[in-house]
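A.B. asks: Under the UniProt record's numbering, the residue at position 19 of the sequence shown is numbered 19, and the numbers go up by one with no gaps.
These are computed hints drawn from the structure, not numbers from a lab. Computed from a predicted structure; not experimentally measured. Be careful, since some hints might not be right.
Calculated pairs, BS3-like style, for lysine-lysine (alpha carbon to alpha carbon, straight line, at most 30 Å) [to be verified]:
1. 375 - 490
2. 399 - 424
3. 423 - 473
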Amino acid sequence: MPSSAGPSIDTITEGGRVTQVGEGQEAEETAPPVMTFGAPTAGEILAERYELVEHINNDSAGRLVWRGVDVILRRPVAVVLRYPGGDSATEMLQAAVAASRVIHPNLVGVYDAIDEDVRAYVVREWVDGRSLRDLVAEGPLDPARATAVGNAVASALAAVHATGMVHGNVHPGTVMISDDGRVVLADARTDGDDSQEADIRAVGGVLYFALTGHWPHAEAPLRGATAGHGRAAIPDAVRDASGAIAAPRQVRAGVPAYLDDLTMDLLDAEIAPPSSDVLSAELGRLDIPAEDHFLDQTGTIRFTADGVEDRSPLAAAGGRKVAIGIAGLLAVALVGLLIGITTLGGDDSPETEPVARPSTSAPAGDATPAPVVRKLAIQDIRIIDPDSRQRNELDDAEKMMDGDEDKGWETDTYYSANFSNYKKGMGVWIDLGAPHTVKSLTATLSDSGVSAALFTGDGDFPSTSQGDKDLVKGFKTRIGQPFEQHDGTKMAFDGFDPEQKYQYLLFWITELPSTERGFKLGVQEISVQGS
Numbered sequence: 001m002p003s004s005a006g007p008s009i010d011t012i013t014e015g016g017r018v019t020q021v022g023e024g025q026e027a028e029e030t031a032p033p034v035m036t037f038g039a040p041t042a043g044e045i046l047a048e049r050y051e052l053v054e055h056i057n058n059d060s061a062g063r064l065v066w067r068g069v070d071v072i073l074r075r076p077v078a079v080v081l082r083y084p085g086g087d088s089a090t091e092m093l094q095a096a097v098a099a100s101r102v103i104h105p106n107l108v109g110v111y112d113a114i115d116e117d118v119r120a121y122v123v124r125e126w127v128d129g130r131s132l133r134d135l136v137a138e139g140p141l142d143p144a145r146a147t148a149v150g151n152a153v154a155s156a157l158a159a160v161h162a163t164g165m166v167h168g169n170v171h172p173g174t175v176m177i178s179d180d181g182r183v184v185l186a187d188a189r190t191d192g193d194d195s196q197e198a199d200i201r202a203v204g205g206v207l208y209f210a211l212t213g214h215w216p217h218a219e220a221p222l223r224g225a226t227a228g229h230g231r232a233a234i235p236d237a238v239r240d241a242s243g244a245i246a247a248p249r250q251v252r253a254g255v256p257a258y259l260d261d262l263t264m265d266l267l268d269a270e271i272a273p274p275s276s277d278v279l280s281a282e283l284g285r286l287d288i289p290a291e292d293h294f295l296d297q298t299g300t301i302r303f304t305a306d307g308v309e310d311r312s313p314l315a316a317a318g319g320r321k322v323a324i325g326i327a328g329l330l331a332v333a334l335v336g337l338l339i340g341i342t343t344l345g346g347d348d349s350p351e352t353e354p355v356a357r358p359s360t361s362a363p364a365g366d367a368t369p370a371p372v373v374r375k376l377a378i379q380d381i382r383i384i385d386p387d388s389r390q391r392n393e394l395d396d397a398e399k400m401m402d403g404d405e406d407k408g409w410e411t412d413t414y415y416s417a418n419f420s421n422y423k424k425g426m427g428v429w430i431d432l433g434a435p436h437t438v439k440s441l442t443a444t445l446s447d448s449g450v451s452a453a454l455f456t457g458d459g460d461f462p463s464t465s466q467g468d469k470d471l472v473k474g475f476k477t478r479i480g481q482p483f484e485q486h487d488g489t490k491m492a493f494d495g496f497d498p499e500q501k502y503q504y505l506l507f508w509i510t511e512l513p514s515t516e517r518g519f520k521l522g523v524q525e526i527s528v529q530g531s
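Using the sequences and the hints given, assemble the complete structure.
C.D. replies: Right, dumping it as structure tokens:
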């Protein structure tokens with residue numbers, strides 16, 4: 001293939017199939033002048049190891065990309081080469097050395113970086129696949145796939161940022177989707193203008209592009225997001241009369257509100273972005289395969305993926321009715337047995353008088369003694385998450401009733417107090433085992449600044465894992481007043497009706513406290529007082 005200027009995603013054709021390796025920037029309309037001194041040739045072996053097989057193209061920075069083979073490990077590689085080397089290749093080599101220190105499944109692996117003075121080159125992983133830019137050229141991605149791509153990019157950035165480094169070149173041309181579905185980020189290109197915040201905001205641009213097919217480069221503060229860096233070939237975002245970009249939901253139908261809000265927040269310079277690890281966790285929460293939405297639960301009640309119920313016959317309401325019926329039959333049988341013994345005894349049976357007959361009423365003038373208030377045993381406790389598509393926040397509920405305030409259940413980390421606009425809230429479902437007179441419920445929390453309320457209802461735990469929303473609808477009676485931005489770490493609800501008995505309670509959380517890493521809450525202990 002002849003050497004020529006080409007797109008930032010370098011392509012070759014093999015039997016009609018496009019094979020690509022990620023490159024950072026598009027070639028400009030006018031390619032840099034081609035030098036012959038130090039120019040590579042097909043079949044040449046660099047560093048006695050890397051054989052050059054085929055030239056792919058040149059990028060706007062004057063670098064040549066070759067498909068090669070590591071003759072020692074017998075694996076395909078990409079060789080990014082420029083000539084001359086020396087000072088002109090310093091930034092390229094430094095970026096490659098920094099990138100080689102971060103090993104992550106969503107980052108293109110860097111194998112080697114060599115400066116021969118007359119030329120310098122970087123050897124890295126060869127990726128068979130397509131760039132996000134080329135993939136979206138056929139049409140925007142569905143929200144689930146766009147979320148998966150954003151999650152992979154954010155996860156890669158979290159690994160880079162954890163080392164204190166910056167990627168500095170995140171855009172649809174450096175996001176690669178391999179033939180086996182793996183999403184990788186390529187071509188780190190750091191300089192003094194880069195920042196981790198710019199990397200994170202670039203994820204918003206990637207999400208916007210994946211959802212709409214447009215790049216918000218004129219509004220989003222993304223490095224290299226101007227025509228001067230070769231992005232002009234990507235369509236600009238749809239804008240209103242004032243020049244503001246339209247939200248993804250305004251461009252196309254079917255974009256969930258939470259994904260739309262997250263994307264626009266990342267692009268809004270007035271809103272501080274989350275850290276890359278928090279963003280990765282947020283997108284990871286959304287990136288759940290459909291078949292994994294509902295996982296098996298352990299315990300008395302177990303739910304399976306297809307909704308088939310498999311539980312103890314005494315765990316459900318019907319089972320309790322059976323138990324009561326059996327108990328009633330036993331009681332009738334016992335009474336009948338006693339009557340039979342008395343009848344058979346006849347008049348010969350000696351009469352016995354108890355030493356003191358139990359009184360059926362309190363002595364005149366004495367008030368009925370008040371029931372003793374005590375800590376009630378919680379028979380079962382579960383996490384209710386009706387708006388979520390995943391189940392990774394449902395573990396450790398039992399730690400809220402073990403008496404140890406140092407251990408508890410906690411939410412994931414979100415980038416805003418209202419669960420990142422992803423859901424209306426989360427709840428802790430409590431079963432006291434039987435109806436009780438309840439005096440109060442106290443929740444011990446990890447931080448102050450929590451908004452929550454307490455509800456009661458007559459609904460048992462749902463019989464399928466898709467029943468959380470119906471369960472929440474059954475809890476309509478609020479106990480006391482809700483706590484708004486509670487300034488303590490103990491919430492006490494004491495608005496129970498002394499004439500009523502309660503078995504099922506729902507502690508409902510609507511706002512999370514701020515922590516150093518984002519917004520997150522731990523519920524250390526829940527105790528119920530009553531009789």
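A.B. asks: Are residue 423 and residue 473 close enough, with their CA atoms no more than 30 Å apart?
C.D. replies: holds, 15 Å
A.B. asks: Next pair to validate is residue 375 with residue 490; report whether the Cα-Cα distance is within 30 Å.
C.D. replies: holds, 16 Å
A.B. asks: Does the alpha-carbon distance linking residue 399 and residue 424 stay inside the 30 Å limit?
C.D. replies: holds, 24 Å
Hint check: no violations occur; every hint is consistent with the structure.
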